[in-house]
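K.L.:
The listed protein sequences derive, respectively, from chains W and S.
Under numbering that gives the first Met the number 0, the first residue of the first sequence is numbered 0, with each subsequent residue one higher.
Under numbering that gives the first Met the number 0, the first residue of the second sequence is numbered 0, with each subsequent residue one higher.
It is possible that some hints are incorrect.
Unchecked claim - Dumping the calculated DSS-like pairs for lysine-lysine here, alpha-carbon to alpha-carbon at most 27 Å:
id	chain 1	residue 1	chain 2	residue 2
1	S	285	S	302
2	W	135	S	302
3	W	135	S	226
4	S	250	W	135
5	W	290	W	187
6	W	87	W	292
7	S	163	S	67
8	S	315	S	302
9	W	135	W	187
Calculated from the structure, these hints are not laboratory results.
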Amino acid sequence: MELFNSILTVAFLTQVFRLMTPYYLGASAANFSERGGVINIAIEGFMILSAFSFAMFNILTHNIPLAIFLALIINVVFALLYSVFTVKLKINQIVTGVGFNILIAGLTKFLMMIIFHSSSNTERFEGIPDNELIGKIPLVGAILSDYIVLFALILIFLSNFILFKTTFGLRLRSVGENPEAAESLGIKVRRYKVYGILISGFLAALGGIWLASEQKSFSDGMIAGRGYIALAAMIIGKWKPVNIFFASLIFAFFEALQISIQISGVPIPSQLIQMLPYLITILVLIGLIGKTKPPAADGVPY
Amino acid sequence: MKKNFLLYVILPICVLSLAFNGCAKKDNTDTSSNKSSTIKAGLVFDIGGRGDKSFNDAAYNGLERAKKELGIEFEVIDPGDGADRESALRKLAVKKDISIIFGVGFIFTDDITKMAKEFPDKKFACVDFSVDEKNPMPANLQALEFKEEEGSFLVGYLAALTTKTNKVGFLGGMESALIKKFETGYKQGVKFGKPDCEIYSAYVSVNPDGFKNPGKGKEICLSQFDKGADIIYHASGLSGLGLFEAAREKKKLGIGVDLDQYKEAPGFVLTSMVKMVDEAVFDAIKDLKNNTFIGGVKTLGLKDKGVDYVYDANNKSLIPDDVHKKIEDVRAKIMSGEIKVADK
């Protein structure tokens with residue numbers, strides 16, 4: 000009962016939304032890439048990269064907007080590099096993704112050693128301040144006053160609109176479903192694939208920046224697999240923005256629940272709760288919860 | 000075409016990334032004093048590596064001190080994630096001039112036992128070695144153990160005397176026997192101070208990555224603060240950075256671990272349970288120099304100054320004199336054996 004009471008609080012809900020943000024940004028990032036037919040498992044790497052570059056520029060310049068801007072630029076450049084490998088050179092997308100993840104994990108650690116003389120963490124910096132005006136709104140203020148969380152919530156509608164209501168979205172989707180047909184209609188297939196990957200890099204960067212800003216420092220391994228959970232959320236969400244949001248919310252809810260259960264001392268093994276979202280992922284994958292169908296030409300180089 | 004690109008693009012990426020991951024090695028040998036009689040020590044870092052402001056840095060400080068006071072030389076390897084610890088140890092063991100090799104962290108237990116058997120004429124020492132009675136240790140291996148439960152008891156007692164809400168918290172990294180020692184010691188200390196005090200306890204993960212997930216650490220601490228706790232003690236490595244962020248945000252108190260962590264959040268750190276890893280490393284080298292190095296388990300408790308809590312100019316304002324006196328009394332009682340702290 001005590002556990003039940005602790006779940007029905009604003010603090011708990013706020014926590015769920017905070018935990019959801021990096022998952023949803025990562026999952027949306029992966030979705031834009033996959034809608035264009037390019038698998039992007041380098042979300043984890045992109046998040047590490049942006050978290051690190053945000054931390055680095057923030058410490059060096061003490062200018063938060065500039066640090067955000069530069070971190071986004073760096074991530075988009077890396078996304079461009081990813082598209083050179085996967086779209087132009089047609090290298091296996093999984094291999095490239097794994098390569099990027101390992102490369103970025105090592106590269107950031109290496110740079111951290113050179114710049115901050117520590118192989119594990121940077122010094123502390125100031126995070127992105129909350130919007131005080133929104134913060135005054137009762138109940139939801141605590142959630143919405145964080146700019147990136149707010150953006151993530153707007154993104155639900157924005158990405159739905161872009162993918163399903165605009166010419167750009169239609170073309171991106173057609174490239175991911177049937178590139179031959181798209182090209183016969185005069186769509187520049189490769190160019191759209193690159194656009195998808197660039198948006199992917201941009202959105203993943205926001206997730207990484209948010210995590211670094213919350214922690215107010217960068218430490219090695221701090222993304223802690225959130226990029227991979229984001230991929231699972233995308234699959235559960237069946238490549239649809241609104242569903243992906245709810246999938247991310249499920250992951251976040253169970254994570255918050257698991258924390259609450261541990262603290263309340265209820266004798267339920269926390270591992271069991273931690274397992275639930277992954278169990279759901281597997282059930283979705285084997286087709287027990289509706290049919291999942293990725294974009295038809297997903298992962299096929301063109 | 001495709002094959003060529005695999006060869007020219009992917010392969011260099013893989014090689015480069017491995018190189019980046021592995022190149023954290025740093026050679027600190029001082030070539031100027033290259034006398035054959037000087038002792039040379041080798042050390043391999045734990046997860047987190049050099050610069051973690053905690054455990055690994057403490058071990059490094061021990062080496063630095065030995066260099067200054069005993070005139071030794073040393074070499075360290077920072078193996079990084081998932082790297083092969085055994086080969087790092089071997090790399091140091093095969094060097095002729097290195098006579099003692101340290102492994103920092105319980106994760107080295109199996110690898111260092113194997114190496115000690117393979118190189119019987121070299122000395123080995125492992126911080127936080129997890130002793131297994133069924134598996135006898137070789138004579139050239141020293142296990143450096145700490146009575147974390149005793150230090151944790153003291154900070155738990157302090158937390159109980161300081162809390163205003165009658166609720167305190169604990170944040171653990173990886174759910175493991177080692178971290179449970181911190182937790183049980185802490186809980187006993189809290190109950191000793193205030194039997195009715197509530198203790199919230201939570202772990203980041205069941206895997207070693209629980210030591211490096213500050214994001215989740217922060218969420219756990221925010222939840223505990225929201226439930227009314229006003230002091231949280233952590234034993235979670237880098238994840239503990241999350242505790243200090245949460246403490247700053249909620250204007251509550253955190254208790255650091257391993258090293259004095261006051262600097263992480265000045266004004267919000269009540270104290271730290273310090274583990275004298277530097278002392279242990281230094282002593283092992285000193286013993287070697289005086290030819291008194293013996294293998295086996297070496298356990299350092301409050302009595303041996305192996306564990307302690309921080310009380311200095313920084314946190315004096317948070318700990319009133321009468322509270323400080325009470326803690327010192329309890330310390331004396333633990334040292335004399337009047338209070339027994341269980342480790343399980």
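K.L.:
Against each hint, give a clear statement of whether it holds in the structure.
P.N.:
Hint check results:
no. : hint           : in the structure
1   : 285/S to 302/S : holds, 20 Å
2   : 135/W to 302/S : violated, 53 Å
3   : 135/W to 226/S : holds, 22 Å
4   : 250/S to 135/W : holds, 19 Å
5   : 290/W to 187/W : violated, 30 Å
6   : 87/W to 292/W  : holds, 26 Å
7   : 163/S to 67/S  : violated, 45 Å
8   : 315/S to 302/S : holds, 23 Å
9   : 135/W to 187/W : violated, 48 Å
Going through the hint list in order, the structure does not satisfy hints 2, 5, 7 and 9.
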